[in-house]
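Visitor: The lines below spell out each chain.
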Amino acid sequence: MNGKNYIVRLDAFEGPLDLLLWLIQNNNMDIYDIEISKITAQYLTFIGARTAELDAAADFLSMATLLMRIKSSLMLPKESPEYQEAVEQQRDLSEKLMEWKKIKESRGILLEKHQSRKNFFRRDEPAAVEIDKKSTLSVFELADIFANLIRTHDKNFDTITGPEIYLEDVKADILERFKSADEIKISGMLQAFPSKLYLAVLILAILDLAHDGIASLRQEKPFAEIYLTSINGGKQALPREENYAQEVTYGNS
Amino acid sequence: METAELKKTIEALLFVSGKGISKKKISEITETPQEKISETVNALKQEWNSNHGVFIEEIGGGYQISTRPEYSPAILKLYPWKGVMRLSSSAAEVLSIALYKQPVTTAEINDIRGVDSSGVIATLLKNNLIKYSGRKEGPGNPRLIRINEPFYHIFGIRDVSDIPSWQELGGAEEETESEGETPGDEIAEETETNGVSDVLEDGEESEI
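Chains as they are written, first to last, in this note's numbering: chain A, 1 to 253; chain Y, 254 to 461.
Okay, chain A solo, but in the shape it has when bound (with noise of 0.2 Å):
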């Protein structure tokens, strides 16, 4: 392959279509009659050797694997399914790669038109919005813009914060459920409201409980569920009025 003389970016193409073609072109190959032994190793090789640059390139390893998927396929005998599928699929990717190339020439004919058009107007113009993006505003330019805009326009930015979860409702909770069980599941506990901040308030509970001898928990081997169990059935807990009394001088203690 004469590439081997100057360095071929990855992202110099658009997609594993596109390096299949111009690999074909390079060898001068029939896109119809792709000697895909000969194509696989030199996209194989032309990936290798870019590994890394392969950070977002799946769909670049995904034609890999379909290559050489069809290309053992045909070493099988003939008459075999998967020789058979193999074939079709060579068919669909000749297809692909036609379609590609037609689609890559009208996109070089409109890119040439839309260049010779520039100087010509009409009252009714489409909107005047920049389609070529990337030679514009990165990341980095549009966060200075945002960092600008929050200097020059010198303002307290509300908060927005979600619902507000309480020790005190979280362990009114636990104890309400006592009254018809003996033992909750904490998995159980935490459908009901599947978020971080109510995970952190529901441990908070439990210890508390444990701590305030209300409760045990209980775990068969590590990660497994932990079940919270009532000492005394949980009506000799103390009344809730007194318990959130005695919240309160233990959150603040």
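Quick caveat, the hints were computed from the structure, so don't treat them as lab data.
There's no promise every hint is true.
As the list claims (entries may be wrong) - Lysine-lysine pairs mimicking DSSO-like chemistry, simulated, CA-CA at most 30 Å apart:
#, chain 1, residue 1, chain 2, residue 2
1, A, 118, Y, 277
2, Y, 260, Y, 298
3, A, 113, Y, 278
4, Y, 379, A, 96
5, Y, 379, Y, 389
6, A, 101, Y, 379
7, Y, 260, Y, 278
8, Y, 379, A, 104
9, Y, 298, A, 118
10, Y, 389, A, 96
11, Y, 277, Y, 261
12, Y, 276, A, 113
13, Y, 276, A, 118
14, Y, 335, A, 113
15, Y, 379, A, 118
16, Y, 389, A, 101
17, A, 179, A, 221
18, A, 196, A, 221
19, A, 118, Y, 330
20, Y, 278, Y, 289
21, A, 118, Y, 278
22, A, 113, Y, 277
23, A, 104, Y, 335
24, Y, 298, A, 113
25, Y, 330, Y, 379
26, Y, 379, Y, 276
27, A, 104, Y, 389
28, A, 113, Y, 330
29, Y, 330, Y, 298
30, Y, 289, Y, 277
31, Y, 379, A, 113
32, A, 104, A, 38
33, A, 118, Y, 335
34, A, 71, A, 101
Remember, predicted model here, so these are calculated numbers, not experimental data.
Based on these hints, arrange chain Y on the given structure of chain A.
Guide: Below, chain Y alone, put in the same frame as chain A:
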């Protein structure tokens, strides 16, 4: 309608529209056969020739009044934003797909390009170069994308003869060796025969 009167009527229509009007539409409004419309517009073109800063242009299978390119510097002084529109190659790709494969879904565009195109599609929609028109029958009923009228102005496409057909694209020698037609051929042919003028008709309808 008398020729002199017809001339003035067409002039008024083109002026007030500010964009392309199809020959069919003008013929309906003026109750004049389409051949007569072409004839009259040609006469108008002759009259205006070099005497005016504007000229009558055939765009997207219809007519519109455009400014002569010589006067673009002055126009850009008045409306600097008119010169802003630049076209990225990804936008040109999506437009190409829409042009030849319309009506087409976002998923189909993504499939051909091999990359996500939703950002580009959103920008093109905002710029009226493509439009949503109907939904595809099938799972999820995705929206269908078509070329919109301003596209023809932006690229100066007079009619279908200004763009290569789907068959002509991609070099002929591969095409002859291809076995059978690609699935898109049928749609592309349909586009070529009536796609361009259709757009003008559609545009008129959606305006009302």
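Visitor: For each hint, tell me whether it holds in the structure or not.
Guide: Results for each hint:
Proximity of residue 118 of chain A to residue 277 of chain Y is assessed by CA-CA distance (about 28 Å); at most 30 Å being required, the pair is judged to hold. For the hint linking residue 260 of chain Y to residue 298 of chain Y, the alpha-carbon distance of about 10 Å falls within 30 Å, and the restraint holds. Our distance criterion of 30 Å between C-alpha atoms is met by residue 113 of chain A and residue 278 of chain Y, whose separation comes to about 27 Å. The hinted pair formed by residue 379 of chain Y and residue 96 of chain A meets the criterion: a straight-line CA distance of about 29 Å does not exceed 30 Å.
As the CA atoms of residue 379 of chain Y and residue 389 of chain Y are separated by approximately 21 Å, the hinted pair is consistent with the 30 Å bound. Between residue 101 of chain A and residue 379 of chain Y, the direct Cα distance comes to roughly 27 Å. Compliance with the 30 Å bound is thereby established for this hinted pair. Distance hint between residue 260 of chain Y and residue 278 of chain Y is fulfilled; the C-alpha atoms sit about 15 Å from each other, no more than 30 Å. At most 30 Å may separate the alpha-carbon atoms for a hinted pair to count; residue 379 of chain Y and residue 104 of chain A meet this at roughly 23 Å.
For a cut-off of 30 Å, the pair hint linking residue 298 of chain Y to residue 118 of chain A stands: about 22 Å separates their Cα positions. Only pairs whose Cα atoms come within 30 Å are accepted, and residue 389 of chain Y paired with residue 96 of chain A is accepted, the gap being roughly 22 Å. Restraint check for residue 277 of chain Y and residue 261 of chain Y: the C-alpha separation of about 17 Å stays at or below 30 Å, so the hint holds. A distance of roughly 24 Å separates the Cα atoms of residue 276 of chain Y and residue 113 of chain A; the hinted pair therefore holds under the 30 Å criterion.
A threshold of 30 Å between alpha carbons decides the hint, and for residue 276 of chain Y with residue 118 of chain A the separation of about 25 Å falls inside it, so the pair holds. Restraint check: the Cα-Cα separation between residue 335 of chain Y and residue 113 of chain A comes to about 17 Å, which is no more than 30 Å; the hinted pair holds. Our distance criterion of 30 Å between C-alpha atoms is met by residue 379 of chain Y and residue 118 of chain A, whose separation comes to about 20 Å. Between the alpha carbons of residue 389 of chain Y and residue 101 of chain A the distance comes to roughly 26 Å, so the proposed pair stays at or under 30 Å and holds.
For the proposed pair residue 179 of chain A and residue 221 of chain A, the alpha carbon gap of about 27 Å is at most 30 Å, so the pair holds. The suggested pairing of residue 196 of chain A with residue 221 of chain A holds, with an alpha-carbon distance near 23 Å, which does not exceed 30 Å. Straight-line distance between C-alpha atoms of residue 118 of chain A and residue 330 of chain Y comes to about 15 Å, which keeps the hinted pair within the 30 Å bound. Distance hint between residue 278 of chain Y and residue 289 of chain Y is fulfilled; the C-alpha atoms sit about 13 Å from each other, no more than 30 Å.
Between residue 118 of chain A and residue 278 of chain Y the alpha-carbon distance is near 28 Å, which keeps this suggested pair within the 30 Å criterion. A hinted pair counts as satisfied when its Cα atoms are at most 30 Å apart, and residue 113 of chain A with residue 277 of chain Y qualifies at roughly 26 Å. A C-alpha spacing of about 27 Å is found between residue 104 of chain A and residue 335 of chain Y, which places the hinted pair at or below 30 Å, so the restraint holds. The hinted pair formed by residue 298 of chain Y and residue 113 of chain A meets the criterion: a straight-line CA distance of about 23 Å does not exceed 30 Å.
Simply put, residue 330 of chain Y and residue 379 of chain Y have alpha-carbon atoms about 25 Å apart, close enough for the 30 Å limit, and the pair holds. With a C-alpha separation of about 27 Å, the suggested pairing of residue 379 of chain Y with residue 276 of chain Y holds against the 30 Å cut-off. At most 30 Å may separate the alpha-carbon atoms for a hinted pair to count; residue 104 of chain A and residue 389 of chain Y meet this at roughly 26 Å. Among the hinted pairs, residue 113 of chain A with residue 330 of chain Y is consistent with the structure: their alpha-carbon atoms are about 24 Å apart, no more than 30 Å.
The hinted pair formed by residue 330 of chain Y and residue 298 of chain Y meets the criterion: a straight-line CA distance of about 27 Å does not exceed 30 Å. Straight-line distance between C-alpha atoms of residue 289 of chain Y and residue 277 of chain Y comes to about 11 Å, which keeps the hinted pair within the 30 Å bound. Note on residue 379 of chain Y and residue 113 of chain A: the hinted pairing holds, with a Cα-Cα distance of about 21 Å set against a maximum of 30 Å. The hinted pair formed by residue 104 of chain A and residue 38 of chain A meets the criterion: a straight-line CA distance of about 24 Å does not exceed 30 Å.
Annotation: proposed proximity of residue 118 of chain A to residue 335 of chain Y holds, straight-line Cα distance about 9 Å (limit 30 Å). This hinted pair checks out: residue 71 of chain A and residue 101 of chain A have alpha carbons roughly 23 Å apart, not beyond 30 Å.
In this structure, every one of the numbered hints holds.
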